[in-house]
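There are 2 protein chains.
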Amino acid sequence: MAAVPQFRPPHDGPVLEFERRMLDAMPAIERWFRMQWQDHVPPFYGSVDLRNAGFKLAPVDMNLFPGGWNNLSEEMLPCAVQAAQIAIDKLCPDARNLLLIPERHTRNQYYLSNVARLARILRATGLEVRLGSLSDEVTAPTPITLADGESLLLEPLVRRHGRVGVDGFDPCAILLNNDLSAGIPAILRDIEDQVVVPPLHAGWAVRRKSNHFYAYDGVAADFGAMLGIDPWFVNPFFSRCGQVNFQEKSGEECLRANVDAVLTEMRAKYREYGIADEPFVIVKADAGTYGMGIMTVKSPDDVTGLNRKQRNKMAVVKDGLQVHEVIIQEGVPTYEWVDGGVAEPVVYMIDRYVVGGFYRAHRERGINENLNAPGMHFVPLARENTPFSGSCNLPDCKAAPGSSSSNRFYAYGVVARLAQLAAAVELERTAGAVAAERFSEPVSAPAALVAAG
Amino acid sequence: MAAVPQFRPPHDGPVLEFERRMLDAMPAIERWFRMQWQDHVPPFYGSVDLRNAGFKLAPVDMNLFPGGWNNLSEEMLPCAVQAAQIAIDKLCPDARNLLLIPERHTRNQYYLSNVARLARILRATGLEVRLGSLSDEVTAPTPITLADGESLLLEPLVRRHGRVGVDGFDPCAILLNNDLSAGIPAILRDIEDQVVVPPLHAGWAVRRKSNHFYAYDGVAADFGAMLGIDPWFVNPFFSRCGQVNFQEKSGEECLRANVDAVLTEMRAKYREYGIADEPFVIVKADAGTYGMGIMTVKSPDDVTGLNRKQRNKMAVVKDGLQVHEVIIQEGVPTYEWVDGGVAEPVVYMIDRYVVGGFYRAHRERGINENLNAPGMHFVPLARENTPFSGSCNLPDCKAAPGSSSSNRFYAYGVVARLAQLAAAVELERTAGAVAAERFSEPVSAPAALVAAG
Chain A
2 MAAVPQFRPP
12 HDGPVLEFER
22 RMLDAMPAIE
32 RWFRMQWQDH
42 VPPFYGSVDL
52 RNAGFKLAPV
62 DMNLFPGGWN
72 NLSEEMLPCA
82 VQAAQIAIDK
92 LCPDARNLLL
102 IPERHTRNQY
112 YLSNVARLAR
122 ILRATGLEVR
132 LGSLSDEVTA
142 PTPITLADGE
152 SLLLEPLVRR
162 HGRVGVDGFD
172 PCAILLNNDL
182 SAGIPAILRD
192 IEDQVVVPPL
202 HAGWAVRRKS
212 NHFYAYDGVA
222 ADFGAMLGID
232 PWFVNPFFSR
242 CGQVNFQEKS
252 GEECLRANVD
262 AVLTEMRAKY
272 REYGIADEPF
282 VIVKADAGTY
292 GMGIMTVKSP
302 DDVTGLNRKQ
312 RNKMAVVKDG
322 LQVHEVIIQE
332 GVPTYEWVDG
342 GVAEPVVYMI
352 DRYVVGGFYR
362 AHRERGINEN
372 LNAPGMHFVP
382 LARENTPFSG
392 SCNLPDCKAA
402 PGSSSSNRFY
412 AYGVVARLAQ
422 LAAAVELERT
432 AGAVAAERFS
442 EPVSAPAALV
452 AAG
Chain B
2 MAAVPQFRPP
12 HDGPVLEFER
22 RMLDAMPAIE
32 RWFRMQWQDH
42 VPPFYGSVDL
52 RNAGFKLAPV
62 DMNLFPGGWN
72 NLSEEMLPCA
82 VQAAQIAIDK
92 LCPDARNLLL
102 IPERHTRNQY
112 YLSNVARLAR
122 ILRATGLEVR
132 LGSLSDEVTA
142 PTPITLADGE
152 SLLLEPLVRR
162 HGRVGVDGFD
172 PCAILLNNDL
182 SAGIPAILRD
192 IEDQVVVPPL
202 HAGWAVRRKS
212 NHFYAYDGVA
222 ADFGAMLGID
232 PWFVNPFFSR
242 CGQVNFQEKS
252 GEECLRANVD
262 AVLTEMRAKY
272 REYGIADEPF
282 VIVKADAGTY
292 GMGIMTVKSP
302 DDVTGLNRKQ
312 RNKMAVVKDG
322 LQVHEVIIQE
332 GVPTYEWVDG
342 GVAEPVVYMI
352 DRYVVGGFYR
362 AHRERGINEN
372 LNAPGMHFVP
382 LARENTPFSG
392 SCNLPDCKAA
402 PGSSSSNRFY
412 AYGVVARLAQ
422 LAAAVELERT
432 AGAVAAERFS
442 EPVSAPAALV
452 AAG
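Taken in order, these protein sequences are the chains called A and B. Each residue of the first sequence is one higher than the one before, starting from 2 at the first, in my numbering. Each residue of the second sequence is one higher than the one before, starting from 2 at the first, in my numbering.
Extracted from the complex, chain A is given alone in its bound form (with noise of 0.2 Å):
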């Protein structure tokens, strides 16, 4: 039944030689991430989406509030056990109690699985997991039956002096699955004495996509020059433009001046390395999220001149957040393909430990996409075609490249574990933006092609 992941030819070329130097260099890249965790506290979670060209393979987006837990097979439940074991013993060793606050849609069954297996990750570390809600809807104790059978119980936040808890629970910690993106709520501000994971400054409320970027740009450079590869061939270009309305037309200048200079810094590197693929870009909100507010752009033109529907889609995100602020980034085309359907991985990681991940796949997209979009589906790869239960941490390094999935999926683990650390690098940078959210500019400079309009 499960899928094979498979490369289009003439790419798998390419990708089988990145493949071959992640594996002769794994002894060095562990060591290597290793000394960069003892400088760097990896956030509690996260997941990465990577695009896999063959020619380079990169992350092209990063989520600190990773939903689809529900996605992983149940192979790879005991590593994700035994990560979230060391992640909890961090942030509080002697907890007992721990508050869950997920996404405010009550409705939504798959998100509800997704809560529901995450919540069992976190019991199974011995843990009392309770739901808190940050929904106008959960007044009371509310009891949410799931398609399985199992239920959830979600229930209404209780704020006491400076501590966040539900009804006869006082947790020691507060983990979001909540990105936040409604804005900071006032009952989770200035906590005392309580860890919240991953802090309010990773919300959307406060990050930005261009900030995580600029931090992998460092991320990428040192992993680079250790393994004596360029490190484009792991990293989009990118850049961004700050006041951007959609509805109104206005800083369309900037957004077709970067495009432009991102296509031109394209181009060029795939003269250098012989790449015939027509370069595009991704220009996508720089606070956004569920693949919403989205486009695929192959010329400066194609950013002037919107027409009402493509203003529309691209002026709001989730929870009706309005887009001012824009990344470019290079678009990475993918050359996998899955159960019929162009394909991109998803890597989960707990801490600094790669858990598991699936293939996001969709059978009416193209390969230069966006496919978190409505009809993807999601393929959590069988154990024996894939690790992704759990092996991205074990290559069989003197099989060839390619020829078994556990050395694609080492390359993997590894890309998304920069990513992981790059994200880290970011939270630092930006703690303390909490007070000064909504800041229009990031907290460092991206290195733009161009000028911020």
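Worth double-checking, as some hints may not be accurate.
All copies of an identical chain are treated as equivalent in the list; a pair is satisfied when it fits inside any one copy or across any two copies.
Stated by the list, open to error - Below, a list of computed lysine to any residue pairs in the SDA-like style, where the Cα atoms sit at most 25 Å apart:
#, residue 1, residue 2
1, K310, P144
2, K91, W38
3, K91, A26
4, K91, W33
5, K91, V42
6, K250, N313
7, K250, L92
8, K270, P232
9, K91, M227
10, K91, F34
11, K91, D40
Think of the hints as simulated: they come from the structure by calculation, not from any bench.
Since chain A is already given, all that's left is putting chain B on it; use the hints.
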């Protein structure tokens, strides 16, 4: 092909009750372990032989230099690698090189497969791993080809001032997979600035089973108090005789008296809990291993007037070590059977994590006999039948006990970790014992029922 473990009725009733208790208390148990590991440093690795009688589940032996890594299923390896990363981080976080010192016998393919597997796990953490041999036969780098075509390179140890390595290789850490039954080699003494794990005093030149089980008494008492159970359910009685000479027939009186005392204590417990079994004790070398020097005893008369063959069997264990110290341990019958044989689970741990296990089964031995004997076989059960491949940390708490093998294995993982914790306490207490090696009395007097002879 894979055998499902089965439990002989009527012994399946009590085992289910016991599992239910463990499952219900999982958060409390996990939290208790978390607190314990704040006070004690887990051994680098360990394996524990368990016996499950239904009415009790207890460790009967704890190996600090586990072989048999090759018996674990491939599926458990990712968790093993993750746990090894954690353990290495503690040893020397910037480690690049690790020296693995295996047992001397270089021709045992079975053992060498274990070494290869162990090296593979360690390499996956990002270490360069080389094998340094204590064997006199290894005077130059000696390649050895394994049955599966893989090859190992054994190299002679090189000592330079206070450091040990192999030619051109100066490791940060030295991992012993040699239990030092033959004594502590001069080349490993007084090492400076290198970490040796497990420590030298964990080797059988110094270690005593009675010290371990004395520490285990304390751990089991604390655990029993936390869980509200009689610690006897997870702890076998034991006693010790310190001056036995089987060949000279001396020390028989001590043996008789202690066998009688342990049997008397057992009868009282059997009466208390209505257990109809015939009590038996296991007499074994206090410093022995490899299943050598072990006998099953049902009456004090069984240990007097041994014939020459019996005496010879008890007198000498691995590497010609003479037996003068003996532990008399409550026998725990095993009512599990697997693949047509009486079976006992063996659980493997790295640091504080259960990383896998298998059944040791024997078709020609009884429920009250040592199974670590010629004719035994190993059953690395298949994933669908057992989560020994790594799921010892993820029971299905809502399922009825016994309905899922993961629930049984959760209980096994708990008791195995009690033994790992006891080993931590034991090693703390016996630290510094290397100088005084071959001391004739245990470091802390065990709760001998009768004064040791």
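Hint check results:
Proximity of K310 to P144 under the C-alpha cut-off of 25 Å is found in neither arrangement, the shortest distances being 39 Å within a copy and 69 Å between copies. In this assembly of identical chains, the alpha carbons of K91 and W38 lie at most 25 Å apart whether taken from the same copy (13 Å) or from different copies (13 Å). For the homomeric pair K91 and A26, the shortest alpha-carbon distance between copies (23 Å) is at most 25 Å, but the shortest distance inside one copy (30 Å) is not. Proximity of K91 to W33 under the C-alpha cut-off of 25 Å is found in both arrangements, the shortest distances being 21 Å within a copy and 16 Å between copies.
With identical chains, the CA atoms of K91 and V42 are at most 25 Å apart both within one copy (10 Å) and between copies (16 Å). In this assembly of identical chains, the alpha carbons of K250 and N313 lie at most 25 Å apart only when taken from the same copy (11 Å versus 95 Å across copies). For the identical chains of this complex, K250 and L92 are neighbours neither inside a copy (46 Å) nor across copies (59 Å), given an alpha-carbon limit of 25 Å. Taking the shortest alpha-carbon separations for K270 and P232, only the intra-copy value of 12 Å comes in at or below 25 Å, while the best inter-copy value is 68 Å.
With identical chains, the CA atoms of K91 and M227 are at most 25 Å apart between copies only, with a shortest distance of 24 Å across copies and 29 Å within one. In this assembly of identical chains, K91 and F34 lie within 25 Å of each other by CA distance both inside one copy and across copies; the values are 18 Å within and 15 Å between. In the homo-oligomer, the alpha carbons of K91 and D40 lie at most 25 Å apart both inside one protomer (15 Å) and across protomers (15 Å), since each shortest distance falls under that limit.
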